Amino acid sequence: MDGSNPFIKLEVWLKVSYFLIYIPLLIGLFRLKKLSPLQVRILVIVGLSFLNDTLTYVLRIRVEPNLWVYHVFVPVLIWAMYRVYVMSLTSFSINLMRWILGLVVLFSILNTLFLQSMDIFNSNAIVASGILFILLSLLYFYELIGQKKAQDYRITPMMWFNIGVLLHYSGTMVLFFFVNSLREQSVDIMLASWVLNMVFTGVLIGFYSTALWVKQQT
Amino acid sequence: MGETADITNIELLLAGMLGMFLLALGVVFFFLAYQRRIIKQQKEHQAKEAEYQQQLMRANLLSQEKERNRIGKDLHDGVGAMLSTSKLYFRHLEQDGNPEKFQELKEKAMDLLEETMTSVRRVSHDLKPVVLERLGLVEAIANMADQLSESGAIKVCFKNSWRGQMDKEYELNWFRIVQELLNNTIKHSGATEVYMELFGDQEQVQFSYHDNGVGLTNKSTAKAGLGMQNIVSRLSLMQGELRYGENQENGISLTMKAATGPTNNDREE
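Chain order of the listed sequences is A and B. Position 76 (the first sequence) corresponds to 76 in our numbering; numbering is contiguous. For our numbering, count along the second sequence from 1 and bump the result up by 218.
Keep in mind the hints are simulated off the structure, nothing from the lab. Careful: at least some of the hints might be erroneous.
Residues from chain A that keep clear of chain B, each with C-beta distances beyond 10 Å, as calculated [unchecked claim]: (1) Leu-10; (2) Glu-11; (3) Val-12; (4) Leu-14; (5) Leu-48; (6) Arg-98; (7) Gly-102; (8) Leu-113; (9) Leu-135; (10) Leu-138; (11) Ile-163; (12) Ser-170; (13) Gly-171; (14) Leu-175; (15) Gly-206; (16) Trp-213.
List time: in silico SDA-like cross-link candidates among lysine to any residue, alpha-carbon distance up to 25 Å [to be verified]: (17) B/Lys-261 <-> A/Ala-150; (18) A/Lys-149 <-> B/Ile-257; (19) B/Lys-386 <-> B/Asn-361; (20) B/Lys-258 <-> A/Tyr-153; (21) A/Lys-15 <-> A/Ile-120; (22) A/Lys-148 <-> B/Arg-254; (23) A/Lys-149 <-> B/Lys-346; (24) A/Lys-149 <-> B/Lys-386; (25) B/Lys-266 <-> B/Arg-254; (26) A/Lys-148 <-> B/Glu-267; (27) A/Lys-148 <-> B/Tyr-252; (28) A/Lys-149 <-> B/Glu-269; (29) B/Lys-258 <-> A/Ala-150; (30) A/Lys-149 <-> B/Ala-268; (31) B/Lys-261 <-> A/Gln-147; (32) A/Lys-148 <-> B/Ser-454; (33) A/Lys-149 <-> B/Leu-243; (34) A/Lys-148 <-> B/Lys-346; (35) B/Lys-266 <-> A/Gln-147; (36) A/Lys-215 <-> B/Tyr-252; (37) A/Lys-148 <-> B/Val-245; (38) A/Lys-148 <-> B/Ile-256; (39) B/Lys-261 <-> B/Gln-271; (40) B/Lys-346 <-> B/Leu-274.
Source: prediction; values computed, not measured. Glycine is no exception: its CB is placed at the ideal position from the N, C-alpha and C atoms.
Using the sequences and the hints, build the whole thing.
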């Protein structure tokens, strides 16, 4: 049990990143009755992430294949994200949003069928969904800039959620783009990539937690 | 060579991630700064609006106080004095036995009572114009215009193309506005002609007012005047607004518009 062994370090980082999701989940469940409809939808995303993390973690401990979980998770996450943004992007065509989201879901399915099978990490689909989420996030900012009346962002859950999404998916975009090729590189690079992923996940979790904590502005 | 390649890859990865993250952070900071500026502007605007509303409220209260003083003065100096004199006459009627003197005092007392009744009627008419009550706004304005024209000092022309129903309280507001405008013209403008027009539809009524007097040399001074503030205050109560005409040098030129009655929101308030 050498503490300087990079694999043990990686294991520690993985455990930490798996358990981070408990923070917004507990906040959301604790404030469940006080949550606005939008916050409930954010809690659904947190719940899905929790399920994804738990399932992959358990399968990993049992030394069973767990990469298929991500193939299922990505389309479901896109659907959950759509449900959050459709409430906030009021000046954009819902049909257009549905089409774009549908195309990304279709791509993630085709990716699983023809490009990255269930036993390969679906980085293509994750990058595509990341681009979509960044786009949605920027559209939300654009919509707010167009509004005559500014909101107090400190008490607007969507603002916290949106900032978290933008920072997380922008930060991890490059990582997920190269993640499969990184597996073939040295342990140091693997370790560094997981630490970076955990840092950005921490950022996302922090913003999710704040979005569920603040009282919805009416 | 392998280690060097690893370090370069890590650096590239880090640089790429950091670059994207900083870019996103830049977007967030830009947005928050923009939002903060908008909120600051909104607060400034709200403060100005609140100050303006306070100013209007103050003008309204001052106007009410002025009106009360005027009524008090009218009652005290006019009606009160005449009633006191009448009381004196009646006291003498009791003591004097001369029939001729009795008749003379009786006639004087009756004349005084008649004058008192006229004064009370005038005060009452000022409080609630009878012509407005009986014939409506259009006739009341026409009546004011005719009375002034008949005096010979000023020629007032009034044209009406508005046909509709108006809330009683709104009618009184419009009547007071026209009264105030005509008073201002008579007192301050030195005008010889006034042109007034009432137009609009079922939802909104508009009123234009022009005279050939000295006009407004300074709009801000005019706005600050109690009379004008009262007009703006009354229009504000009727969800209306006042607009000054472009050329104010050849006499005053104003256009006002307001609703014909309270909206559902006003009623709820």
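We went through each hint and held it up to the structure:
Every CB of chain B lies more than 10 Å from the CB of A/Leu-10, the least distance being 15 Å, so the non-interface label holds. Listed as a non-interface residue, A/Glu-11 keeps its Cβ farther than 10 Å from every Cβ of chain B; the least gap is roughly 20 Å. With 10 Å as the threshold on Cβ separation, the claim that A/Val-12 sits away from chain B holds: the shortest Cβ distance comes to roughly 19 Å. With 10 Å as the threshold on Cβ separation, the claim that A/Leu-14 sits away from chain B holds: the shortest Cβ distance comes to roughly 18 Å.
No Cβ of chain B approaches the Cβ of A/Leu-48 within 10 Å, the least distance being about 23 Å, so the stated non-interface status holds. With a least beta-carbon separation of about 25 Å from chain B, A/Arg-98 lies farther than 10 Å from that chain, consistent with its non-interface assignment. No beta-carbon of chain B comes within 10 Å of the beta-carbon of A/Gly-102; the shortest separation is about 26 Å. Non-interface call for A/Leu-113 relative to chain B: holds, since the shortest CB-CB distance, roughly 29 Å, exceeds 10 Å.
The beta carbon of A/Leu-135 sits about 12 Å from the closest Cβ of chain B, which is more than 10 Å, so the claim that it is off the interface holds. The Cβ of A/Leu-138 sits about 7 Å from the closest Cβ of chain B, inside the 10 Å cut-off, so the non-interface label is violated. Distance check on A/Ile-163: its Cβ comes as close as 5 Å (rounded) to a Cβ of chain B, failing to clear the 10 Å threshold; non-interface status is violated. Not every C-beta of chain B lies more than 10 Å from that of A/Ser-170, the closest at about 3 Å, which undercuts listing it as non-interface.
Not every C-beta of chain B lies more than 10 Å from that of A/Gly-171, the closest at about 4 Å, which undercuts listing it as non-interface. Remark: the non-interface label on A/Leu-175 conflicts with the geometry, its nearest Cβ contact in chain B lying 6 Å away (cut-off 10 Å). No beta-carbon of chain B is positioned within 10 Å of the beta-carbon of A/Gly-206; the least distance is around 13 Å. A cut-off of 10 Å between C-beta atoms confirms that A/Trp-213 is not in contact with chain B; the least separation is 19 Å.
Proximity of B/Lys-261 to A/Ala-150 is assessed by CA-CA distance (about 10 Å); at most 25 Å being required, the pair is judged to hold. Our distance criterion of 25 Å between C-alpha atoms is met by A/Lys-149 and B/Ile-257, whose separation comes to about 8 Å. For the proposed pair B/Lys-386 and B/Asn-361, the alpha carbon gap of about 18 Å is at most 25 Å, so the pair holds. About 13 Å separates the Cα atoms of B/Lys-258 and A/Tyr-153, which keeps this hinted pair within 25 Å; it holds.
For the proposed pair A/Lys-15 and A/Ile-120, the alpha carbon gap of about 21 Å is at most 25 Å, so the pair holds. Between the alpha carbons of A/Lys-148 and B/Arg-254 the distance comes to roughly 13 Å, so the proposed pair stays at or under 25 Å and holds. Taking the CA atoms of A/Lys-149 and B/Lys-346, the gap is near 44 Å; set against the 25 Å cutoff, the hint is violated. Distance restraint check for A/Lys-149 and B/Lys-386: the Cα-Cα separation of roughly 36 Å exceeds the 25 Å cut-off, and the hinted pair is therefore not satisfied.
For the suggested pair B/Lys-266 and B/Arg-254, the alpha carbons sit about 18 Å apart, so the restraint of at most 25 Å is met. Distance check on the hinted pair: A/Lys-148 and B/Glu-267 sit about 17 Å apart at the alpha-carbon level, within 25 Å; holds. A distance of roughly 12 Å separates the Cα atoms of A/Lys-148 and B/Tyr-252; the hinted pair therefore holds under the 25 Å criterion. Proximity of A/Lys-149 to B/Glu-269 is assessed by CA-CA distance (about 20 Å); at most 25 Å being required, the pair is judged to hold.
Distance check on the hinted pair: B/Lys-258 and A/Ala-150 sit about 9 Å apart at the alpha-carbon level, within 25 Å; holds. A C-alpha spacing of about 17 Å is found between A/Lys-149 and B/Ala-268, which places the hinted pair at or below 25 Å, so the restraint holds. Taken as a hint, the B/Lys-261 and A/Gln-147 pair is honoured in the structure, with Cα atoms around 16 Å apart against an allowance of 25 Å. Note on A/Lys-148 and B/Ser-454: the hinted pairing holds, with a Cα-Cα distance of about 23 Å set against a maximum of 25 Å.
For the proposed pair A/Lys-149 and B/Leu-243, the alpha carbon gap of about 23 Å is at most 25 Å, so the pair holds. Restraint check: the Cα-Cα separation between A/Lys-148 and B/Lys-346 comes to about 44 Å, which exceeds 25 Å; the hinted pair is violated. For a cut-off of 25 Å, the pair hint linking B/Lys-266 to A/Gln-147 stands: about 21 Å separates their Cα positions. For the given pair, A/Lys-215 sits about 23 Å from B/Tyr-252 by alpha-carbon distance, which is consistent with the 25 Å threshold.
Of the supplied pair hints, the one linking A/Lys-148 and B/Val-245 holds, its CA atoms being roughly 20 Å apart against a limit of 25 Å. For a cut-off of 25 Å, the pair hint linking A/Lys-148 to B/Ile-256 stands: about 9 Å separates their Cα positions. Between the alpha carbons of B/Lys-261 and B/Gln-271 the distance comes to roughly 15 Å, so the proposed pair stays at or under 25 Å and holds. Of the supplied pair hints, the one linking B/Lys-346 and B/Leu-274 holds, its CA atoms being roughly 23 Å apart against a limit of 25 Å.
The earlier numbered hints that this structure contradicts are 10, 11, 12, 13, 14, 23, 24 and 34.
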